[in-house]
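From just these sequences and the hints, can you work out the full model?
For the sequence shown, the residue numbers in the numbering used here are 1 to 108.
Read the hints as simulated data drawn from the structure, not as lab findings. No incorrect hints appear here.
Lysine to aspartate or glutamate pairs mimicking EDC-like chemistry, simulated, CA-CA at most 20 Å apart: (1) 42 <-> 12; (2) 19 <-> 46; (3) 42 <-> 30; (4) 19 <-> 41; (5) 42 <-> 17; (6) 19 <-> 40.
Listed next, with one range per pair, are the computed distances between beta-carbon atoms: (7) 83 <-> 106: 19 to 25 Å; (8) 36 <-> 100: 27 to 33 Å; (9) 66 <-> 29: 16 to 22 Å; (10) 8 <-> 58: 14 to 20 Å; (11) 10 <-> 103: 43 to 49 Å; (12) 53 <-> 27: 15 to 21 Å; (13) 19 <-> 69: 19 to 25 Å; (14) 101 <-> 69: 24 to 30 Å; (15) 79 <-> 2: 26 to 32 Å; (16) 56 <-> 80: 19 to 25 Å.
Heads up, the beta-carbon is just placed ideally off N, CA and C, and yes, glycines get one too.
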Amino acid sequence: MVWRCGFNAGDEFFWSDPKSFIRHQGSVDDWPDHLAAILDDKGVTDIVLYGDVRPIHATARRLAAARGLRVHVFEEGYLRPYWVSYERQGSNGNSVLMRIPLAQMRAA
1 MVWRCGFNAG
11 DEFFWSDPKS
21 FIRHQGSVDD
31 WPDHLAAILD
41 DKGVTDIVLY
51 GDVRPIHATA
61 RRLAAARGLR
71 VHVFEEGYLR
81 PYWVSYERQG
91 SNGNSVLMRI
101 PLAQMRAA
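Here it is in structure tokens:
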């Protein structure tokens, strides 16, 4: 089952299945507890984000890491415009590429 957490009417409008839409109506401060409850109650295994540095996304990444969940991050892409990039666990400064030594990158 796929669930969508949303924060506004636009998020809900662009989601095709109202039964699987979960609206967060609290404040940003309430988000960690709400998301933790969703992750636990729904048995979530993967989280998909578009961008990973917004406060709500950073919280999702942190909670996912604590639970051993896979995080899939889409981003506007390193080659703009017209491209979307995908990385697991994070993008840009949070990319796993940032943990690979430059010498190893050059050798690849």
